[in-house]
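Engineer: In my numbering, the protein residues as written are 1 to 553.
It cannot be assumed that every hint is accurate.
Claimed, not checked - The list that follows gives simulated cross-link-like pairs (lysine to aspartate or glutamate, EDC-like), each with its CA atoms no further than 16 Å apart:
no., residue 1, residue 2
1, K10, D23
2, K502, E519
3, K239, E371
By construction, these hints were calculated from the structure, which means they are not laboratory data.
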Amino acid sequence: MSTSTDYQYKPQTGAGRIANFADTRLGLSPLVKEFGRKIFPDHWSFMLGEVALYTFVILLLSGTFLALWFEPSMAALEYEGSYVPMRGVEMSAAYASSLDISFDIRGGLFLRQIHHWSALVFAAAIAVHMLRVFFTGAFRRPRELNWLIGVGLFLLAIVAGFSGYSLPDDVLSGNGLRIADAILKAIPIVGAYLSMFLFGGEFPGHDIIARLYIIHVLLIPAAILGLIVVHLILVVVHKHTQYPGPGRTEQNVVGVPIGPIFAAKGGGFFCIVFGIMSLMAATTTINAIWNYGPYDPSPVQAGSQPDWYMGFTDGAVRLMPGTWPFNWEWTFWGMAIPMNVLLPMMPIMVLFGLMAAWPWIERWVTKDDREHHILDRPRNAPFRTAMGAAGVAFYTVMLVAASGDLIATHFLVSLNDVIYWLRAAYFLAPILAFVITRRVCLSLQRKDREIVLHGRETGRVQQLPHGEFIEVHEPLDEYKRYRLVAFHDRQVQPPQPNGKGKITGAEKLRARISRVFFEDRVAPVTPAELEASHHHHEVEASAGGPQGRELVR
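Make a model of the complete structure from these sequences and hints.
Structural biologist: Printed below as a string of structure tokens:
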């Protein structure tokens with residue numbers, strides 16, 4: 001029996017009634033209330049991760065449309081579509097369906113290009129987002145697993161992109177598959193078996209397009225989506241990092257709540273990203289497969305370059321000498337190993353291995369096991385920033401080398417000279433980038449220290465009553481001063497004995513690496529130094545008095 005105290009909420013609007021129906025059946029209001037209160041800091045660099053998320057959504061939407069029309073088959077047929085120059089040409093069903101999407105399906109070319117452009121921006125956004133995380137130290141405890149997820153997402157983006165632009169079965173994608181086949185066959189013992197399994201026989205085989213299709217539309221998207229979900233869950237669990245500033249501590253987050261402010265801004269930003277991708281797809285042609293023609297493995301083509309995220313592997317192979325200074329095909333127990341293909345891949349594996357292990361390497365060297373929610377300014381971690389710059393330089397040299405032949409033809413220089421210079425840069429560029437970046441970071445730290453102690457230069461010179469000229473400095477406000485002094489003073493950690501009072505070899509090695517990390521450092525301004533500088537400025541101001549003459553420099 002109902003009583004006068006029974007009360008049921010009855011919304012007045014249609015949307016309210018739908019929301020109330022869902023809430024009374026599913027109990028979503030506590031979940032929405034909890035997540036709606038989550039605070040996210042407001043900084044432009046955090047949008048890099050949002051760009052990656054939004055472009056992935058665009059990839060799913062456009063990829064679903066393309067999957068409805070694409071035929072993943074290498075069966076030979078004669079093209080009879082609307083693209084006249086290709087009529088009567090024998091090609092695979094995959095290439096023919098790609099031409100049909102481009103010329104016969106309404107909006108097909110637009111969706112193909114928005115899919116391709118979004119794939120490029122997706123990989124670029126992940127890379128730049130990871131650089132932001134690395135340079136600011138956002139990978140430290142408790143976010144080591146999220147860093148590994150980022151490395152995994154970047155690798156999956158590379159595989160997704162490679163499998164995607166290989167599907168049309170045109171000349172460009174066929175050359176990329178030939179390089180992939182060569183890398184697979186260079187793997188000792190199992191390489192030939194892996195190649196035969198993937199291609200369904202000797203290259204180019206008959207099954208590669210169908211298998212890449214399953215990898216591209218099912219396995220990789222599912223893995224990426226799963227990692228993104230785990231990544232977002234960990235972001236909520238660990239709370240968001242933030243840049244140093246007044247009121248920001250390791251225990252709080254200063255920003256805006258998800259609902260409605262952050263959600264509204266995120267929705268608007270998604271529309272902006274979608275609009276930019278649409279504008280690029282509508283105005284700039286990419287991967288014009290009709291200009292390349294169907295792939296034929298019998299001739300050898302030149303002048304082909306993969307997309308930027310795969311270019312580093314191609315460039316590494318191009319930089320490797322063929323037979324100089326000796327023959328790089330080694331034979332062990334009757335088994336030929338082409339080291340001129342396998343050897344260039346080893347530094348790439350080391351690079352990604354260092355990326356994945358860096359949070360634990362830095363924690364081991366610094367002995368810093370605290371939780372970190374306040375980000376570093378890159379200049380305040382000179383060694384880490386320099387290592388990141390060296391890795392970027394190493395990656396860039398390999399990427400440029402993938403276009404060595406185009407550089408030679410466009411600038412009318414010798415291809416051999418281009419390769420020789422790039423081989424030198426392969427070894428020297430990371431070293432130079434490390435040294436220059438570290439010195440720049442230390443110089444910027446010294447500049448910050450000078451500004452904190454003496455204030456900002458105003459460009460005015462004042463003459464004191466006794467004839468001395470001084471430059472007038474303007475003191476910083478509390479916000480800017482806090483931003484310049486609020487960082488941890490990382491010092492060299494000497495070797496420490498274990499529980500038995502013995503210093504192990506691993507501890508000695510850690511101490512030596514610690515000296516490399518922090519031997520050159522600039523200590524932050526102490527409160528005593530700041531107080532002394534303020535007292536000095538007060539004395540100078542009183543010495544100038546009203547009789548001082550100010551000169552404009």
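Engineer: Please go over all the hints and tell whether each is borne out by the structure.
Structural biologist: Results for each hint:
1. K10 - D23: 13 Å, holds
2. K502 - E519: 24 Å, violated
3. K239 - E371: Answer holds: K239 to E371 is near 12 Å, not above 16 Å.
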